[in-house]
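Please arrange chains L and R on chain D, whose structure you already have, making use of the hints.
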Amino acid sequence: MARAVTRNTRIGWTIVAWAVALVIFFPILYTIITSFKSEQEAIAGFDLIPSLTLESYQTVQTQNNYFRPFMNSVILAVGSTLLALIVAIPAAWAMAFSPTRHTKNILMWMLSTKMMPAVAVLVPIYLIFLRFGLMDTRIGLTVLLMLINLPIVVWMLYTYFREIPGEILEAARMDGASLRDEILYILTPMAVPGIASTMLLNVILAWNEAFWTIQLTTTSAAPLSAFIASFSSPQGLFWAKLSAASTMAIAPILILGWFSQKQLVRGLTFGAVK
Amino acid sequence: MATRQTASLARLMRAPAIILLLIWMVVPLGMTLYYSFLNYNLLNPAVTSWAGWFNYQYFYTDPAFLDSLWNTLVLVVGVLLITVCGGIAIAILIDKPIFGQGLVRILVISPFFVMPPVAALIWKNMIMHPSYGVFADIAKFFGTSPVDWFAQYPLFSIIIIVAWQWLPFATLILLTSLQSLDGEQMEAAEMDGAPAYSRFIHLVLPHMARAITVVILIQTIFLLSIYAEILVTTNGGPGTASTNLTYLIYRAARLNFDIGGAAAGGVIAVVLANIVAIFLMRAVGKNLD
Amino acid sequence: MNKTIRALMGATALCATAGIATAQDNVTLTVATVNNGDMIRMQGMTDDFSSSHPNVSVEWVTLEENILRERVTTDIATQGGQYDVLTIGTYEVPIWAEQGWLVALDDLPEDYDVDDLLPAVREALSVDGTLYAAPFYGESAMVMYRTDLAEAAGVTMPDSPTWTDIKGAAEAMTDKENEVYGICLRGKPGWGENMGFITAMANSYGARWFDMDWNPQFDSEEWKATLADYLELMTNYGPPGASSNGFNENLSLFQQGKCGMWIDATVAAGFVTDPENSTVADSVGFAKFPNREGVDNHGNWLWAWSLAIPASSQKQDAAKQFIAWATSKGYTELVAGKEGWRAAPPGTRTSLYENADYLAEAPFAEMTLSAMNAANPQKGSVQDIPYTGGQFVAIPEFQGIGTAVGQQFSAALAGQMSADDALAAAQSTTTREMTRSGYIQ
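Residue numbers (this note's numbering), protein chains in the order written: chain D, 893 to 1166; chain L, 6 to 294; chain R, 2 to 442.
Only chain D is shown next, with the shape it has when bound in the complex (with noise of 0.2 angstroms):
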């Protein structure tokens, strides 16, 4: 896309898409700078300069220590990514290398076992957990998860492993490659931004559940979802409070996202791009 571009021109589209670009950033960015703010000057109207102060941090902290929440937000979403992705990659590649008459059929049954509306299987699910001890543990949920994102998984693998053409395989073979020298040499190197990006994208999505990770935990499995409900609409407004509280509960997934946006977009195209 080498065109020949003005200089003037190249500088208005860069006020455009900046201006674009911050507006939709600014909700994000305005709850940074709340929760540097005390509370008087939180509710004290638009200011953008706040006086710095951590205080807000220190009672979230007190009130809620992070880290094991944290802790377990990050076993959750990277736990129930890899379980995903054990089950997935194989299913996903016989779809698109053997496919059958049926494979788009599944492929959109799995998609519509996610339309089930969660509040409505509740206490079925509840009831399962209790009776097998899976309660606040982080086994059940992390399993849970895997479910609840597995039929994205599959489905974006199976896009993504069907653009690797068959011919090279063929080629490969001809040349007396093996079954194992395959899957190494040739298809590894061309499934691994596919797959990377598939494991970021069900990171995000694990690490953003807020429906079972509260209702089906109390302590010791309880994630950041529940540690942000302990701070949403208390009696007052705490509005640095919860800004900080808020602030730690996105900063771990929105940094990850930051440096890891390359490989995000490179395998996020749903076998969309031709």
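Hints in this document: simulated from the structure, not taken from any laboratory.
If you're wondering where the values come from, they're calculated on a predicted model, not measured in any experiment.
No false leads were slipped in.
In silico DSSO-like pairs for lysine-lysine, Cα to Cα no more than 27 angstroms straight-line:
no.	chain 1	residue 1	chain 2	residue 2
1	R	Lys-259	L	Lys-145
2	R	Lys-177	L	Lys-145
3	R	Lys-339	R	Lys-321
4	R	Lys-380	R	Lys-289
5	D	Lys-1154	L	Lys-101
6	R	Lys-259	R	Lys-177
7	R	Lys-225	R	Lys-289
8	R	Lys-168	R	Lys-289
9	R	Lys-225	R	Lys-168
Only chains L and R this time, still in chain D's reference frame:
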């Protein structure tokens, strides 16, 4: 390569995912179906009895039921319109040769990483609050009286919040698609003197069709089950102005603790969602091949 | 032996971090509570409990009110046994106790002094004379008004105003150009938000939710008058965006000097007179919850956040010790010693209102006590009613019905619906729900 051996291997590889999802679907759905035929209130479990079709009848004769269907539709279509149109515009904008492209992209995709309840809290308290929100501050600055968003435009406010969360997702996919567009073809069209809008309609849009389909499909699945944003902001009100189907089920399940009624609502929602899915597949499915 | 095995099983099922527990040593209590200021303060005092009970450790689950209620209700109804101590209100206690879900608190230690509990609160937490929950803090409702604004407007607020007095005062104090609104009331939909207030207001107008056959009464003259006056007050003298204002929003409006009057829970008095957070701390006056001329009823608002033990808990002895500590006189003194008397949890014990130190620091003490003693949730309305409860109706269905009705009234306040339509919609929704639940035959 579809020899009998690979075919059976493929079946083996598919099996775990399919079986797991089958269990995940059949067990809760089966239990929900069963509960939907019971008079079962969590607060009064002693008087559980067989209800027949009563829960279904009760759910769809709820005066809020038709409103909730309409609101669900408006919510889904509204968010899709904003995210697809906005996504295309922003994708084109980011694709321009601008300074600080990477940083702009990071800022634009950030809302996607925010937990839904947090997003709703931020918008409710910091942005749209009629006394302390940024919108109110802007209104005061211009000397007009602040808008009470959640009372005057409840559904629209929720659409804005949800669209904000999903705009990055649409933008990302559309951007990837845009970047795979053949540059030479564009240049050739430019040389031929085709104006910008005609290039957009005849070249860019058809190229993006597939990506747009994906955005619509995936987002619809998530948008049909939105309720956290409603719960945090309007509680479905005023009246039923922002009650969607999922929130109606939520109300039955978590306020009335009416497990039978909520289960019936859940079954109705699943049926409707699948009708939408089939319709969607018919309408846009050919783009996916 | 059997007890040990049960404790063992409980500990395993809960995956308690403490590991193997026996009935005697090292118990971990899971305490579920709301994220209100007084409970968060209690969390900070846990060390005091631990030092006197070295073998009991406490794990807190703090959640916002609605989520907490959902969580706790699901757990107790399915006998989940996830919690050992619950924070619940006067609405849940009698309903849950009748289901046999709560442990009776009839063997509290001698020095706990059960008779010191405010009679109205104690009665609200008892079923057939047995106490099922211990009050942590309690509230009724009253008028809070700005003495400076009233004086400037030439209004004298009677100790026991009528709604006509309130209307007059609201009109006189309103100064919209300077963002001063005569009256702030709850408008946000919810059975515990706008319906708490409107139900109490309706009581003071002589209205009732149901007649003796459980037929809803929204078509009565009393309800029409209640809603008409509520809407008139709020539209003419209320702040903008009132239909999204709940307790919190009104609290901060009042603290920032934007309200002439605010009629709400008595606990608010502690916040609005707190010089650190309130700009109007020095000029707040208090008056009784208003009534309509000729109706001898001041709303009968009564609420107490209370601690209870679910029958499914495996650690009931330790849980009792915890409750006895958290709702004791000693706890009140502990808080007073660390943070001053103003911070003491109000509205539960007579002795607090006889304490000279407390009375000196809390100008609202007298009015709070008289409001709490006057409230009679056993008979909320002046008419004959089949239910108990003051600002709510103590039936399990009320959460759903109250919220649905609250939606309609909130829509009327937002101007999206007329008062008559809102009442008609409330009437039909409630009739539908009550028929389904089998109250109306």
